[in-house]
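Mind the numbering: the sequence shown is residues 392 to 578 in our numbering, read in order.
A few of these clues could be false.
[What the hints assert, rightly or not] Taking lysine to any residue and the SDA-like style, the derived pairs with C-alpha atoms no more than 25 Å apart in a straight line are:
1. Lys554 x Phe435
2. Lys533 x Ala504
3. Lys441 x Gln488
4. Lys554 x Leu529
5. Lys554 x Leu532
6. Lys417 x Leu543
7. Lys469 x Ala567
8. Lys417 x Leu532
9. Lys487 x Leu550
10. Lys533 x Lys554
11. Lys533 x Arg548
12. Lys487 x Pro421
13. Lys487 x Thr546
14. Lys417 x Arg443
15. Lys447 x Ile507
16. Lys487 x His518
17. Lys487 x Leu529
18. Lys417 x Leu510
19. Lys441 x Asn520
20. Lys487 x Pro453
21. Lys469 x Asp500
[Unchecked claim] Between beta-carbon pairs, the in silico distance windows are:
22. Gly514 x Gly555: 42 to 48 Å
23. Thr434 x Thr401: 37 to 43 Å
24. Ala444 x Pro534: 47 to 53 Å
No lab work stands behind these hints, which were simulated from the structure alone.
Just so you know, even glycine gets a beta-carbon here, dropped at the ideal spot from N, CA and C.
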Amino acid sequence: RVRDAGLEATGRRGASGRLPVTYSRKVFIPVTHLCRDTCHYCTFVTVPGKLRAEGKGMFMEPDEILDVARRGAELGCKEALFTLGDRPEARWDEAKQWLDERGYDSTLDYVRAMAIRVLEETGLLPHLNPGVMSWSELSRLKPVAPSMGMMLETTSRRLFETKGLAHYGSPDKDPAVRMRTLDDAGR
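All chains should be built: construct the whole structure from the sequences, respecting the hints.
Right, here's the structure in full:
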């Protein structure tokens, strides 16, 4: 409502009298489908064995990421939406090995390196969704990502603490941890 009032105050209604709908064209870059969490509703995340069975790597390779970004830029996209699971190397040895073999200490280091390359080589603005981060990690990503996102699905501790519920066994879904990340992002 605040945004709508601001648009009204500046006279930015369309010819129909309605407020404009804005968007930014994005290209989707699923950096990895691995995650350390086990959210019981998630259809994005998979396991290393399934990736191997499908002939896929643990992460998209740099050339794959850049190919997708270049195609997006050619089609008029302005942003590159980097999606991934939270810290897969903390759960999956295969993810840790993939990163180690390519000289990265963590998934966040890899995402940062790819964000820089996408920005410099395609001009697309990286929008990162890497999940829970520390103040230090946010600070390292801030110069290379004009925007970052993180869902706060719920503030219910019950869903996080009760066996069989949606976020049980998912350390990154602790509402207090997610709120701390959001607070840190705003400083």
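For each hint, the structure was consulted:
1. Lys554 x Phe435: Holds, because 21 Å separates the two Cα atoms, which is no more than 25 Å.
2. Lys533 x Ala504: Cα-Cα ~13 Å, so holds.
3. Lys441 x Gln488: holds, 17 Å
4. Lys554 x Leu529: With a Cα-Cα distance of about 31 Å, the restraint between Lys554 and Leu529 is violated, given a limit of 25 Å.
5. Lys554 x Leu532: violated, 34 Å
6. Lys417 x Leu543: This hinted pair holds, its Cα atoms lying about 22 Å apart.
7. Lys469 x Ala567: Status violated; Cα separation ~33 Å.
8. Lys417 x Leu532: holds, 19 Å
9. Lys487 x Leu550: violated, 29 Å
10. Lys533 x Lys554: violated, 36 Å
11. Lys533 x Arg548: violated, 29 Å
12. Lys487 x Pro421: Holds. Lys487 to Pro421 sits at ~18 Å (cutoff 25 Å).
13. Lys487 x Thr546: violated, 30 Å
14. Lys417 x Arg443: violated, 28 Å
15. Lys447 x Ile507: holds, 24 Å
16. Lys487 x His518: Distance ~24 Å between Lys487 and His518 Cα, so the pair holds.
17. Lys487 x Leu529: holds, 21 Å
18. Lys417 x Leu510: At roughly 13 Å apart (the allowed maximum being 25 Å), Leu510 and Lys417 satisfy the hint.
19. Lys441 x Asn520: holds, 23 Å
20. Lys487 x Pro453: holds, 16 Å
21. Lys469 x Asp500: holds, 23 Å
22. Gly514 x Gly555: 42 to 48 Å: At 47 Å between Cβs, range holds.
23. Thr434 x Thr401: 37 to 43 Å: Cβ of Thr434 to Cβ of Thr401: about 41 Å, so the range 37 to 43 Å holds.
24. Ala444 x Pro534: 47 to 53 Å: Since the Cβ atoms of Ala444 and Pro534 sit about 38 Å apart, the hinted range of 47 to 53 Å is violated.
Checked against the numbered hints given earlier, this structure breaks hints 4, 5, 7, 9, 10, 11, 13, 14, 24; the rest are met.
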